[in-house]
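Sequences are here, hints too, so could you generate the full structure?
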Amino acid sequence: MILRKIATFAFIFAIVGLVIGLSGCERIPPPPVMDDTEMPPTMAEGITIGVALALTGEYAEPYGIPMQEGLELAREELNMLDDVNITFITEDAKSTAEGAKEAVQALVNAEVPAIVGIGISTHLKEAFPVAQAAGVVAFSPISSAAGLSGEIGDFVFRAGLAVNILNPLGLEITQEELDYTKVATIYDAADTYSTSSNAEIVKALEASSVKVLTQETFQTDDTDFKTQLTNIMDMEPDAVFVAALSVEMVQIIAQAKEVGISVPLIVPDLTIKEVQAAGDAAEGVITISGWSAGSDAPGSQEFVQKYRDKYEGSEPLPWAAQAYATLHILANAIMKAPSTDAADIRDALAMTMDLDTILGKFSFDPNGEAMYDRVRERVVHIVKDGQLQPFGEKE
Numbered sequence: 299m300i301l302r303k304i305a306t307f308a309f310i311f312a313i314v315g316l317v318i319g320l321s322g323c324e325r326i327p328p329p330p331v332m333d334d335t336e337m338p339p340t341m342a343e344g345i346t347i348g349v350a351l352a353l354t355g356e357y358a359e360p361y362g363i364p365m366q367e368g369l370e371l372a373r374e375e376l377n378m379l380d381d382v383n384i385t386f387i388t389e390d391a392k393s394t395a396e397g398a399k400e401a402v403q404a405l406v407n408a409e410v411p412a413i414v415g416i417g418i419s420t421h422l423k424e425a426f427p428v429a430q431a432a433g434v435v436a437f438s439p440i441s442s443a444a445g446l447s448g449e450i451g452d453f454v455f456r457a458g459l460a461v462n463i464l465n466p467l468g469l470e471i472t473q474e475e476l477d478y479t480k481v482a483t484i485y486d487a488a489d490t491y492s493t494s495s496n497a498e499i500v501k502a503l504e505a506s507s508v509k510v511l512t513q514e515t516f517q518t519d520d521t522d523f524k525t526q527l528t529n530i531m532d533m534e535p536d537a538v539f540v541a542a543l544s545v546e547m548v549q550i551i552a553q554a555k556e557v558g559i560s561v562p563l564i565v566p567d568l569t570i571k572e573v574q575a576a577g578d579a580a581e582g583v584i585t586i587s588g589w590s591a592g593s594d595a596p597g598s599q600e601f602v603q604k605y606r607d608k609y610e611g612s613e614p615l616p617w618a619a620q621a622y623a624t625l626h627i628l629a630n631a632i633m634k635a636p637s638t639d640a641a642d643i644r645d646a647l648a649m650t651m652d653l654d655t656i657l658g659k660f661s662f663d664p665n666g667e668a669m670y671d672r673v674r675e676r677v678v679h680i681v682k683d684g685q686l687q688p689f690g691e692k693e
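Add 298 to the 1-based position in the sequence shown for this note's numbering, that's all there is to it.
Where hints are given, some of them may not hold.
Stated by the list, open to error - Taking lysine-lysine pairs in the DSSO-like style, the calculated list, with each CA pair at most 27 Å apart, reads:
{"#": "1", "residue 1": "LYS524", "residue 2": "LYS555"}
{"#": "2", "residue 1": "LYS555", "residue 2": "LYS571"}
{"#": "3", "residue 1": "LYS423", "residue 2": "LYS571"}
{"#": "4", "residue 1": "LYS555", "residue 2": "LYS682"}
{"#": "5", "residue 1": "LYS509", "residue 2": "LYS480"}
{"#": "6", "residue 1": "LYS555", "residue 2": "LYS509"}
{"#": "7", "residue 1": "LYS682", "residue 2": "LYS524"}
{"#": "8", "residue 1": "LYS555", "residue 2": "LYS480"}
{"#": "9", "residue 1": "LYS524", "residue 2": "LYS571"}
{"#": "10", "residue 1": "LYS524", "residue 2": "LYS480"}
{"#": "11", "residue 1": "LYS524", "residue 2": "LYS509"}
{"#": "12", "residue 1": "LYS423", "residue 2": "LYS501"}
{"#": "13", "residue 1": "LYS392", "residue 2": "LYS571"}
{"#": "14", "residue 1": "LYS682", "residue 2": "LYS604"}
{"#": "15", "residue 1": "LYS501", "residue 2": "LYS524"}
Honestly, the hints are just simulated from the structure, not real lab data.
Here you go:
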């Protein structure tokens, strides 16, 4: 039974809740999910979950290792519960598409019922079809290019808000405050997330009658962006949108200041890591993201403190938080499923609705994409004094 195809009625409640949440009002509660399902005997005996993360290469430090830390914190927490025994088999995705495919294939060969990981959307497009073909649940904590879960299949789920939800909302909020009428964008034309992020930004800008003066491009691993940034500056935009992964993001922020761009930079998925790497150049940069360390979602500050305690005072990145929430969401589905068979876990995941997580009340749409409440109140931040602060707050 493929519950994505038969859960339309439940989804109507969820999408109504999302729309109302985005407008700043309280959500209409959907029908409650039953909590009295007996735990499968095999869950008490122990379940092994596959983990596929970039643990070496350029995406390890900004993405893979934070996800690993969030997953491990969640695993320790869950294993303190009665009758829960989760173990991991971990494979290094090596920061490449081929490495991601090999990692997922190794975990499929190990006969795990579910795989968590693969954060880079370009890599996910190559790797998760392997799990889909094998009938293994594949759950990404952070990939957010639009539409990937639905495109790949019904065993694929994602915990991060996709850019087609996140970016238009962030644009609406920033435009209200900044009143920009003409902008420029710069994005990585070789990266799936960046191209999707830019496309959703441009679509939302055009729908708001904001003129897009230019869409400058670069390629992953480029290091010199001054030609594109100078072209942008010469056009005198009111704001500049940047869609890039961590390394290029930092370089663009630094070089934008060097060439003399003084209008606001709006950079989706900027984290404190990139802020620190960019130094003074990051001051005033605005970001759009689904979670921050200052989030007031129930349990979020407790997570931040637990993370600091475990990892020597380090501030959790959104990727650690989303991975932590991902394992809790997956464990909830495993506990509700009639068995630890991958298809049963998939069906239980598909029915997740209004689950309390540190991201907010969490649900899946019929395509396995994330939805959670009060997004509007938490989505936009600005760098002030080297820290990410809520955007629009009065001094």
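Hints the structure fails to honour: Those not satisfied: there are none.
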